[in-house]
Amino acid sequence: MSPEILLSLQNVSIGPRTTDALHSIVREVNMTIGKGEVVGVVGESGSGKSLTALAIGGMLPASLKITSGNMILCDVETTELSEVDFHKIRGRDISYVFQDPLNALNPTRTIGDHLIDVLKRRGNVPSQTARQKAVEALRSVGISRPEDRLSSYPHQLSGGMRQRVLIAMALACRPKLLIADEPTTALDVTVQATIIDLFRGIREQNISIMFISHNLDLVLEFCDTVVVMYGGRLMERASAREISQTSRHPYTRALMECVPRLTDAVGELQVIPGQPPLALGNIDGCPFAERCTHAMDICRSVFPELVASSLTHQVACWNPIVVKERAT
Amino acid sequence: MNVTAAPSFLGRLRTYPSGIVGALIIGSMVICGILAPILPLKNPLALDLSQRLMPPSFEHLLGTDQAGRDMLSRIVWGSRESLVIAAGAVSFGALFGVTLGLLAGYMNGTVLEIVITRCFDVLFSIPLLVLAIALMGILGTGPTVVGGFIIGIEVKLIILIGLSFTPALGRLSYASALVEVKSDYVRAKRAQGAGWAELTFVEILPNAIPSVIVQATLFIGVAIIVESSLSFVGLGVQPPTPSWGTMLADARGYIASGEWWIAAFPGFAICATVIGFNLLGDVFRDVLDPRAGAISSFV
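So the sequences go chain by chain: A and B. Going by the numbering used here, 90 is the number at position 90 of the first sequence; the sequence numbering is gapless. Going from the second sequence to the numbering used here is simple: count from 1 and add 1000.
No wet-lab data here; the hints were simulated from the structure. Check each hint, because a few of them may be wrong.
To be verified - Derived, one-sided and incomplete: chain A residues facing chain B with beta-carbon distance under 8 Å:
#, residue
1, P16
2, R17
3, N106
4, R121
5, W318
Just so you know, even glycine gets a beta-carbon here, dropped at the ideal spot from N, CA and C.
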């Protein structure tokens, strides 16, 4: 299955504006997102997943830039686009939902103002129908009494409801790609579940989703393809099924073992020993080598190529775990 | 959870007694000023030398000045000059200052930011009264003709005093914009395709404006004092037009000789207006925040 490609990152590196590609924070990331595909990006804090997501929409902080590689969105090269051109893409082709819904709405403006802004900007909607469409948008994300909510201020809504409003805003302009940067991290668990249900509904609408999360279980359950990042590098990319059953990168394996299972015997929680690298960009080898139980000498000096082990499964590791194919 | 709309602006203002006092003082000043032509007042310019330096009486409630003009009438008519110049100057300063300050804050890290903030610094370094006296001395107190437009003394005072308020109000909004431009909601809006103009004036402005409004109401008091000071030294509103400053200036020769009412009532009017605006400014800070009514609306 190879769906039509919506977004493709080819060897994209992100680094400070002042230095060359060797000092990049995110290095040589390859990724594609197909139309209607849900791609999960997993990694620890500082693994470069959020920066990659920001780069796709041209939202990098002013001090950072894409130092090398190509980024192609809807068959258009977007690597070198100016802020003005990105402005046309954001909110039409790409939309974002960020981590912290508590601060992502302007405290001085009503929910209706927020939604109607988005609708008017992208849809050429006259004022009367914009209001009606805003009500529909709120209803579609499961907000009760949407007519009344239009005149509410953000502080009058709970965190989960604010995230729903933000999702409604992100979807109001019918984007092709929705980038959700840890959309459930700031919410409590029961609310998380309802937000994930909402994302399942978005999937049905044939909108591609890039879903960034710390939560490997959630990603495996919800996404088609999973990308594992560590220390600014892409470690492994595979379908969710392959990651959960036949993952080959030692880091992915270590991550999976950290997830506590209800069926596990009571005991100590599994952890990955050591710390993630702090000074990024100075490591030529694999950033995980220091913590890896499978590390070899070459791991510390050269970063391995991304090697395909099946049509949908690629691993960047010198010494991947050998998996016996299970009959399925 | 029962979400009710936050109480209206006036509804919240009611819960602050000092705000009511301030609003009453300013409100009555403004109403008297607007209604001056139809109030049963004596002509503020009519000289009546037989009635000069009369103490307050039933005929002249606040007495008469050295030319026999009715003090009450002159104070009411003078409030028009003082309030219009003060409000105009602060609006002018706020318009310029806030626009430039927000732009500088939004364009954080660019040359534009440096240019704007340095201009603020230069203006800020010149003392207000010295600048005003120097410029009025150069421009003169008569009407100036600029490209076919006759610029009267009031407009000159508005621009001059307004200009000196620009850096303070500009820095205030610049500081707010610096904070807000990095906030999550600005980033979220930007991610949904909002451009710089919308981000600056639709998203950031409402969050920066409460502190500016508080400062601006305080500045109205300052503007009244500056206008009075300029009029006092003869560089402001010109006689015979009544203004509180010129009235005080006229009165200074009579303070020692016992005609206290000529100086006291214009001075009292200035004090009351400044205090009124200060009280109002304090309350605005609390009232203008839509989050302020949050707790009561949940109970």
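Hints versus structure:
1. P16: Result: violated, 14 Å to nearest chain B Cβ.
2. R17: violated (11 Å)
3. N106: holds (5 Å)
4. R121: Status holds, d = 6 Å.
5. W318: With Cβ-Cβ at 38 Å, over 8 Å, it is violated.
Going through the hint list in order, the structure does not satisfy hints 1, 2, 5.
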